[in-house]
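Counting from 0, one number per residue, gives the positions in the sequence shown under numbering that gives the first Met the number 0.
Since the hints were derived computationally from the structure, they do not count as laboratory data.
Treat the hints loosely; a few may be bogus.
Across the chosen pairs, the derived CB separations fall in these ranges [stated by the list, open to error]:
#, residue 1, residue 2, range
1, P121, C151, 37 to 45 Å
2, D57, F171, 16 to 24 Å
3, W72, L134, 21 to 29 Å
4, L97, A75, 16 to 24 Å
5, A10, V201, 49 to 57 Å
6, A75, F158, 44 to 52 Å
7, V3, A122, 30 to 38 Å
8, Q163, V3, 51 to 59 Å
9, D6, V201, 50 to 58 Å
10, S146, G46, 30 to 38 Å
11, T98, L175, 22 to 30 Å
12, A150, R4, 35 to 43 Å
Computed from a prediction, not measured in an experiment: that's the story for all the values here.
Every residue gets a Cβ at the ideal spot worked out from N, C-alpha and C, and that includes glycine.
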Amino acid sequence: MTLVRLDVRFAALDALVEEVNRRHVVVALSDADTVVALGSLHDRVSGPLGVWLELSDDYSAQMAGRDVATLSWLVALDTVVVSAASAEASAQVVEALLTNDEVNFTNGVATLVGAYNRPAPPAPIAVWSWDGVLLRHGGDALRVVASPALACVGTLGLFGWLGQAVNLFSTFALLLVLGIGIDYAIFLREGRTSPLSSLIAVLVSGLVIE
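Given the sequences, and given the hints that come with them, work out the whole structure.
Here is the structure:
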């Protein structure tokens, strides 16, 4: 999926309506509250759109999740990009979206305890994480787990084909392979920007251990 970020100013909202109705874009406003501005277009936007949110000490993941839930009931929101220093912030936004419980807000101005939350979005929303270098999506987790999981399934199939019984020791071995395999997959997925020497060291150690 290709995401197109569109940086606009509040004065250019009319042009934004035409752009959103023409193609799918992820909108980021530089001089206004993005959620409030897009919510004001609820009766003028026909196609789905995305929103780019910058998290900070004054704009927490809980606040962002509440705003996204509100906006999802006003426009056809299908994509949210959370810009933060860590991917954990995206997980916190998703957690805030999936609950109707009261939430707590803390920023540099005040602290709100037990604030009213919004209902969960009426349709699924894809949440992406941007840390300034890599753009990540939750679907990547399935690709990370897939290779070691398929290796374990293939091993069990090979056991059955060879007529070997699965015992306690072979079960522990499969769990060990699954755990170590996921660790390697995560490193190779997230460590693409690491030095080549680090990649070679991890791969060699993996071959030696196995």
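Exercise for the section: Report the numbers of all earlier hints that the structure fails to satisfy, in ascending order. Expected result: Of the numbered hints, 2, 7, 9, 11 do not hold.
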